[in-house]
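Participant: Whole structure, please, built from the sequences with the hints as guidance.
Here this note's numbering is used: the first residue of the sequence shown is 2, the next is one more, and so on.
These are computed hints drawn from the structure, not numbers from a lab. Hints are supplied without guarantee of correctness; some may be wrong.
Claimed, not checked - With a straight-line Cα cutoff of 25 Å, these simulated BS3-like cross-link-like pairs (lysine-lysine) come out:
(1) LYS47 x LYS67
(2) LYS67 x LYS55
(3) LYS262 x LYS109
(4) LYS262 x LYS287
(5) LYS287 x LYS109
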Amino acid sequence: MEHDFLSTYLMDEAVSDVHFIPQEDTVLLRVRRPSGLSDPVHIDPKDYGVLLQKVKLAGGLNISEKRLPQDGILHRGDQRVRISTLRSIHGEALTLRLLGKGGRTLEKLGLSEAQLAGLRELFFEGFSLLVITGETGSGKSTTLKALVRSLTLRGAKVVSIEDPVEINVPGSLEVSLHEAIGLDYERAIFASLRQDPDYLAIGEIRDQKTCDHCIRAALSGHPVVTTLHSGGYDFALRRLEALTSLSDFVPTVLTAVLTQKLTPGINGERRLNAAFYWARAGEVVKL
Numbered sequence: 002m003e004h005d006f007l008s009t010y011l012m013d014e015a016v017s018d019v020h021f022i023p024q025e026d027t028v029l030l031r032v033r034r035p036s037g038l039s040d041p042v043h044i045d046p047k048d049y050g051v052l053l054q055k056v057k058l059a060g061g062l063n064i065s066e067k068r069l070p071q072d073g074i075l076h077r078g079d080q081r082v083r084i085s086t087l088r089s090i091h092g093e094a095l096t097l098r099l100l101g102k103g104g105r106t107l108e109k110l111g112l113s114e115a116q117l118a119g120l121r122e123l124f125f126e127g128f129s130l131l132v133i134t135g136e137t138g139s140g141k142s143t144t145l146k147a148l149v150r151s152l153t154l155r156g157a158k159v160v161s162i163e164d165p166v167e168i169n170v171p172g173s174l175e176v177s178l179h180e181a182i183g184l185d186y187e188r189a190i191f192a193s194l195r196q197d198p199d200y201l202a203i204g205e206i207r208d209q210k211t212c213d214h215c216i217r218a219a220l221s222g223h224p225v226v227t228t229l230h231s232g233g234y235d236f237a238l239r240r241l242e243a244l245t246s247l248s249d250f251v252p253t254v255l256t257a258v259l260t261q262k263l264t265p266g267i268n269g270e271r272r273l274n275a276a277f278y279w280a281r282a283g284e285v286v287k288l
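Facilitator: As structure tokens, this is what we get:
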């Protein structure tokens with residue numbers, strides 16, 4: 002199997018992910034399009050092994066590490082591909098996620114006019130903590146980068162911290178975590194506050210330390226945009242309170258929640274179904 006074989010999928014604009022799934026005596030290749038996962042194609046394990054090594058090398062991964070999961074970014078011209086490996090009982094699985102070059106604008110996400118107007122008004126009035134919520138694969142990262150893009154175009158300095166940076170937004174200061182050398186969310190957030198940011202964009206709140214630092218940043222006057230695996234405003238509020246050691250401050254800083262999911266649309270394409278919750282004047286308004 003040559004690189005050209007893989008390139009046919011990476012060049013297909015309808016493909017979002019390419020999956021290689023090792024089995025006992027074969028490797029299954031499946032690609033994800035808006036209509037769902039394709040039927041599996043069988044790949045010779047030896048050919049897959051050669052491709053896997055080439056992809057890991059091109060993505061800056063440790064080619065000798067076969068036991069632990071690894072993540073990286075592969076650059077193909079102006080295209081960026083996220084690499085994820087995971088050891089299974091039959092060998093290393095590989096998933097490639099095709100990333101956008103500059104991401105979508107807010108207007109292209111599929112939000113309603115009322116929700117767009119609410120976000121613009123929120124930006125004008127100011128906020129402390131804006132959380133994007135939804136299930137895995139609901140487009141939270143895409144929405145996060147659309148918000149970063151919008152704030153950057155308004156002339157703001159945005160420091161974006163992710164693991165890793167998936168979509169590049171020109172004009173923003175983007176930081177990829179590197180936990181192997183000690184650059185985790187905690188350290189990156191602490192350092193970013195010394196960069197005089199107007200806004201912080203945190204890829205995901207995963208644990209207590211990250212949650213604590215987001216809340217401290219918001220309390221210090223640095224607005225934070227982030228994502229969380231949860232539901233609407235009340236659910237996000239309870240989730241943050243359960244995660245952080247600063248639970249008393251969560252109702253104070255949680256300004257808005259944008260919760261979303263992707264639902265099947267016309268021609269197999271997925272459309273965004275979102276709800277925008279804004280805590281203002283003592284009540285939570287839903288748009």
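Participant: Tell me, which hint numbers fail for this structure?
Facilitator: Hints that this structure does not satisfy do not exist here, as all of them hold.
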